[in-house]
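Protein chains in written order, with UniProt numbering: chain A, 1 to 353; chain B, 1 to 246.
Hints may contain errors.
Here are the computed lysine-lysine pairs in the DSS-like style, where the Cα-Cα straight-line distance is at most 25 Å [stated by the list, open to error]: (1) Lys190/A to Lys19/B; (2) Lys139/B to Lys313/A; (3) Lys225/B to Lys267/A; (4) Lys225/B to Lys176/B.
So the derived label-pair ranges between C-beta atoms look like this [said to hold, decoys possible]: (5) Glu138/B to Gly235/A: 29 to 35 Å; (6) Asp157/B to Val239/A: 29 to 35 Å; (7) Phe89/B to Leu177/A: 45 to 51 Å; (8) Ser155/B to Leu177/A: 31 to 37 Å; (9) Leu177/A to Lys176/B: 31 to 37 Å; (10) Asp158/B to Leu206/A: 54 to 60 Å.
Please keep in mind that the hints were generated in silico from the structure rather than gathered at the bench.
Think of the CB as a built atom: it goes at the ideal place given N, C-alpha and C, for glycine as much as any other residue.
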Amino acid sequence: MQHPLTGKALLFYLLAWAAIIAAHANILFYQFGFDFIYSATDSLVYNISFLGFGLLYWYVVQYITPDSQGITATVLNQGLAVVIGVSFLTYLCNSFLASFGVDNPEISSFLSMSIPWRIFLGTFFLGMIVLVYYLLQYTANLKQKEKEEVELQHLLKNAELETLKFQLNPHFIFNSLNSISSLTLTNPEKAHEMVVKLSEFLRGSLGQKEAELHSLKDELAQMNRYLEIERIRFGDRLVLEEDINEGCYDRLVPNLILQPLYENAIKYGIYEQLESVKIFTRTHCTEDNLTILISNNYDSESTPQKGKGIGLKNVRNRLELIYGKSDLVTIKRERDNFSIELQIPQTTKNNDD
Amino acid sequence: MIKAIIIDDEQLARDVIRKFLEDFDQIEVAAECANGFEGIKAIAEHQPELLFLDVQMPKLTGFEMLELLDPAPVIVFSTAYDQYAIKAFELSAADYLLKPYSRDRFKEAVNKALDKIHKPEENKKSLDKLQESSLSKEKIDRIVIRSGSKLTIISVDDIDYIEAQDDYVEVHSAGKKYLKQMTMKALENSLPDEFVRVHRSAIIHIDRLDKIEPYSKDSYVAILKSGEKVSVSRSGYQLLKEKLGF
């Protein structure tokens, strides 16, 4: 986050200090009866040091946050840091001002007598500044969170729309219907089977409620319906292989997150090569993580028609927004093998809150 | 007997056409092909009068295939995409079937095709415009070049520059040259924005440009990253200026 004291805020900050400087000098001049030069110098040296220190302190606030350390630790750490900082600054200022007191015992005794007051006042000023900083940081974080929330909602909507678009996708639905129409002429039994599969798939996709997560088992079942329809269409040209760890079945994944990956594998595998394409799925899980790998062979020599690249980008964005990490998708493009690996964290949101 | 060839990458889609063609005694299916490459070979071998052609196929789309056929047979497109229809008719396709289609609709398409086959002059006339219009409307991703029986597919990203050679264009890519029968004008319109026509006889890929040097009073020479030199006319220089903002 940028330093909050810029522009108008900075002006306000400086004005406040100007008032303090004036008050400080006045008190020394009228109440304590020091001469004008000493009063002004004392006030300027002391308060300008704190003005600068206050500005710099923002960078300390950035590193000691309630989010990273908890509230108690933050208060203790900051309290200690402020007192030490203020004491050190007071010591420096007093050493400097002591040169005025070399042949003026009044100033010397005033300086040593006023140390507790100076530390108290400095701590008060800096404490106020730190408080303001935290307040600003908190508001900014809140705004950021709100923004992310809105964006997540937006992406969810988009994902739903994409799903809907996919269901009506001409190259899938119409080609499937054409396959069925063909089978009714040559193999009614198989046509029947395909109608059932297509219906199951559509029901599964349309039936997705807004619930963002569901089990890996449900996700794979839905993907299997899709892949089986494609297998009827493409016959031997589509080969499916899998290494699914059944122990991972109850792990949670965002729904239909695998859809774009399989669609991609078919698009760049089958649509751009003459040989058959083998799509391989592997899942692996630990206590707090689920890894899903989907790979397919492809013809690296081919000149694919450009896709819009929306599918994979959506997957990346969705995972980043749900889990708050940007490194969950790994894409590997080898000579004749394309693979994509998803890391799905298994810490549920409820535990975080 | 009229010879027909079915080209579609899905067996089930080919099955429908073959089955529906049983209604036409005068048409025989000479071959079935699962992709454009097989299609080109089969057409050379059988010289069919009628083609049933899918658009979306591996490596070579139906449209790209059509560019390579001279003369082209009468064509009935079949595809699941409706957005290709306009282009198909531009290419003077006899008909455009949207998958899935009924037996009646198929009959109608074949009857239109038979009409065309029986009036070959008319068909030939529209075919002359074919190559030109096929690439004029939308931006292309790749160029298909045929030399003899060998097909080369070049991604537009890999093209360095293009020069006019009489009725042909010469495509330069990675130090190699390929000849394709087409006009500069047609190609210019269908290439993406990274291509600039710097001269009546030259189009360059702007990413491959290294520098521009004056050549004579009114002309310049573009030096590509590969070291190759392409002459630039005054108007070409203006275009480059606009594009690159210098």
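So, going through the hints one by one against the coordinates:
1. Simply put, Lys190/A and Lys19/B have alpha-carbon atoms about 17 Å apart, close enough for the 25 Å limit, and the pair holds.
2. Proximity of Lys139/B to Lys313/A is assessed by CA-CA distance (about 24 Å); at most 25 Å being required, the pair is judged to hold.
3. Proposed proximity of Lys225/B and Lys267/A is contradicted: the alpha carbons are some 34 Å apart, above 25 Å.
4. Between Lys225/B and Lys176/B the alpha-carbon distance is near 15 Å, which keeps this suggested pair within the 25 Å criterion.
5. Taken as a hint, the range 29 to 35 Å holds for the pair Glu138/B and Gly235/A, whose Cβ atoms sit roughly 32 Å apart.
6. For Asp157/B and Val239/A, the Cβ-Cβ distance of about 31 Å falls inside the hinted range of 29 to 35 Å, so the restraint holds.
7. Roughly 23 Å separates the CB atoms of Phe89/B and Leu177/A, a value that falls outside the hinted 45 to 51 Å.
8. Distance hint check: the CB atoms of Ser155/B and Leu177/A are about 33 Å apart, consistent with the given range 31 to 37 Å.
9. Remark: the range hint 31 to 37 Å for Leu177/A to Lys176/B is contradicted by a beta-carbon distance near 44 Å.
10. Taking the beta carbon of each, Asp158/B and Leu206/A are about 43 Å apart, not inside 54 to 60 Å as hinted.
The structure does not agree with the numbered hints 3, 7, 9, 10 stated previously, though it agrees with the rest.
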